[in-house]
Amino acid sequence: RRRPACRAAARRSMSVERGSGDAKMVHVRVSTTQEGHESWVLDLDVELGTTVAGLKELLAGPPHNLPVPASNKVLERRGSLLMSLPDMKLVTPEVALLGFVPAAPQVAAPPAIKATALASPTAAVKVMTVKVTTTSEGFENWQRVLELPKDTTISELKRILAGPPHNIKLEAGQKVLHKTKNQSYLSGTQDSDRVQPELVLRNFNPDGTSEKPAVRAQALQAEDFKSFKPRDLQAMRDARKAFEDYFAQQKAMHDAQVPSRRRFTSYARTIGFSKVVLDVSGRPVRQGTRERPCVVWVLNSTDEVEVLLARNSLFETANWQDRRPSEIVLMGHEVDELDMDGGPVEGGGESPRIRSANYSAVASEKPPDLVVLFMPAMGVAQGGGAAPCSGHAQVPKEVLDSMRGAPVVLSTRRKIPQSSLKTLSGRGKVGPLSFSSVRCPFSALGGREGVEFDDNGWIIGVQDAEALLAVLKLDMLPEFRDSLHGSDDSESRTPALFWGILDLKYDPSVSVWDRVKMLETGDGRTSRFSGAGAVILRRYKEKYRLEDGPGTGKSAVISANKKLTHDLMVARGFEDLVPKQVCFNRVYTEDLAEKIVLGLGVGEEDVVVLKLCNRTRAAGVLPVPVLDLDNMLKKILRLPKDLDGWMTRELSKSDDATLGIAYGCLEEQIRHWWSNECPFFVAERLATSVATTSSWSGQPREYDGTMRVAFALRRKDAKSPQGQRPPRGDLERVFGGSSVTMPSAEDIEIEWLGGYWKLPKEPVESCKLRESIISAAKTGTTHVDTNHLLEVFGALGDSVQQLFGGSEPVASTLAEHYAAEPELAAYLVGRIGIAMRDLSSCRRTVDIGRKVLEDAEDGASKRCAQSFISRGFGVVDAMTPPGRWAEAQAHFQKSIEHYPGNASSWYLLGQACLEQGQTKSAVDLLRRAMILDLDFRAPYVNLGVAYLRLGEFDAAVAVSEACLKRHPDSPQCNYHIAVACYHKSLKLETPARPSPEQKEAYDQLRARGLHELCEARDSDEAQRSQHRSRIEAPWLEEDDRMGEALKPGSGFLGRRRDLKIRSHRPIEIGPDVGWRFMGWRT
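Residues 8 to 1089 in the numbering used here are what the sequence shown spells out, letter by letter.
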């Protein structure tokens, strides 16, 4: 989706002047998609900023002189996938020329290739069709059809049959016979004789050849079974066994692919599997011949899915089940022109011809032998708070009329309930169906059992066009209903290993491998679910309870680091589900912007998203136009030259000035970057979502929202306390330790709890780039089309299980994997350490991180990592009972010496002072942390504690209110406001008759104090702490007395103290007052 013109103008207005120095060069590798020329590559250096059109001009000119026309499509290589590059885009490091045929290599072609070349219509020799069969009993249907020059000899024919693609192993002296014109008898031939139209190999047994069983599978066709005689029973059994072996081989090949490629090849393989199921169901599809190929219509095809997959050669296996001549017609509304001829394949047979056709030209199309629809939109969403869905797939009437009774197969992402199918006939029978919902073994997940959503996961066969319309109108969508029997008894709920969220961008108008992009993961316990998402939290609480421990270790490390999440997704084969990403040291250099642009392959009109690796809640996320990238990098990566002086000036301002900085503004984002302790950052290509209409701001507008989906992970076998260890290899070895606390991905089931849109502050037409892209916690929400949710769930497949399943990270293997980046390795190892529960293991792991840093070069990145490691040692000491705060304080001080901008260390240093009774020093240090990181919850909460202990009640209320605006789920702040209001009301008590204003202020303080105390005690956090052995705020005896004193009628304003009617004594401020919050940032 293109951005509005005003946004493009805003980007241009941010452009910066570029230097006029020497041109910088970049390396580009050029290849071709043409089959048979996979080894052809051309390496060249081009100027930075060269466009695709400029590259084609370079290739066409000297010294290359390649026949590359200006209209030749250029594709960008993304792993195993190819993506189109417009002429105005900048070239990327790896590109491919679509269909380009380089000069033929000067090597001898095998005989079969020669024969094919000679048979070309442009050849000067005359050719003939030669049909080769065998006399062996039981193989009457075996044949080979070749196009050969008329002067080919029998000896040359044998060599052609023995070479690729036939690979037929003929015995020495194999006799070849030919049929006479009237086919009354067979006549012998000599090796020197010329070939005849019909030849027969005497006593040749195809089972003795090296061919694949694809051709022998013809014997399984139902029409052939009818002609079998009792004496042919063994031949039929052999043919069935051959096809079963071939089927298993094809299934193994499909399962062996990486998940992304398996998902995209599932479209073509589902066509072949549909034919197999129709054959078994008694309605076989006609076999194709050269004169009349088998025609398959793929309805509702689009350029973004089916045509794109075909251009990337992902439809070549559509006839895998027999390799007979086939023609796949991708038919839809205004699809791009496409016509790709099939060709011979290894083992015999040929790949299908694939072409596109528009619905408007259906009258000129050949009638189909089979009609296929891939995962059409179906039904109408019901219940569960879902948005109206996109409705059933629309197929023009003239197309339905042209199908002429051809069988129709639909693939679905979710199994269609039998109850829905029964409505077709009104009874328990399924008359309009060729076959009911069948699990497809060639789906994106390989037909794995126990899954609810899977691309091309199930197929259903219908008899004709009329039945197709009836099926499309069925209500088959998931409802995401709330539990009907919710229980407060935790033991009656299902134990969950982990529950969390994914924030992602989704746009169905772009290519199939760009429409779902995962931005980050999160822990459900710390995530907010507001507006349209509030029902998700209720669903989880009604059905699940969290197991103690299994999901906390690994999830904490993965969800807290965007770099590690991205790398693990790519390593597990889900590269298409994450934006393209590059990672760099958090140190500014003059060429850093150019490195980012080159690494991401973006152009001047594009937008790059800069992210801190370890932050959530969109903190530090900055969408930046490429032309302004260098300026922004200078702002966020260069600390003030006099940081201490800047901090002193900020401290001299009142808290109101600091707390008044707008949430999410550029000033706050810059401070996030200054105060971050991770030595690396990432840059990503901008991913956008489909425009979502909402009236949350008062009038209908379109927004580029972020979709949040929630999930719960549970064990497949509840009786099995531990999972199996996952495979060890590359990055997977990082998660292969000796202690398995999470089952392997194969032993985990996922339940999707629903999803909703989080909306940004500004609509898409706004010129405020960040405010129109980044979804804010406090802005609007809206429901998601249920069909869109199905596509997202299907695309994600088992990526969540692969991401979170398996054992916790192992520090040694993690350090080994990132050995080339010791600063990043040390940070990740230290991050693992401080997340551990066992303090001795925690200390050892952090020490491994310290040793890893010894190999790093001195510089800003190393100092940043050293700051984090020192903080990690301090956290271990502080957490060691009863709290070694003096030792921890020394580590926190050393951390700040390494990196003075570390807000986490400033906070912990202030907390150490607070714990040791140095309250005034704590206030100064906690304010420094808050100034650097305005979205850090812990300094706000503990500043409230410090202000209460100092008797500064107004300051305690102000900082607590500011925290609640940013973090509404902070019951500690509610408690601090209650305490402050109580003591402020005590100061107003006087025996003199109060003025009306005094009485109103007094009553308001008491009412608010009671309300805030109740809010604090009613929170989940307070309810959990109520039953602990150690009684803490807000359940202290003093808190009970304060609650009683704040009740209506208990005040003493205007009463005579000498009447001695006070029922309670004023509660004094003690040295330990306050509800602390230990924000360890582990």
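The hints are simulated quantities; they were obtained by calculation from the structure and are not laboratory data. Errors might be hidden in some of the hints.
For each label pair, taking beta carbons as the anchor points, the in silico distance ranges come out as [stated by the list, open to error]: (1) N365 to L51: 36 to 46 Å; (2) A826 to S288: 39 to 49 Å; (3) L51 to E405: 48 to 58 Å; (4) N638 to E1039: 43 to 53 Å.
The C-beta atom is built at its ideal place from N, Cα and C for all residues, glycine as well.
Outcome of the hint check:
1. Distance hint check for N365 and L51: the Cβ-Cβ separation is about 39 Å, which falls inside the suggested range of 36 to 46 Å.
2. Between A826 and S288 the CB atoms are about 57 Å apart, so this pair departs from the stated range of 39 to 49 Å.
3. Checked against the hint of 48 to 58 Å, the C-beta distance between L51 and E405 comes to roughly 50 Å, which is consistent with it.
4. Look at N638 against E1039: about 49 Å separates their beta carbons, and that is inside 43 to 53 Å.
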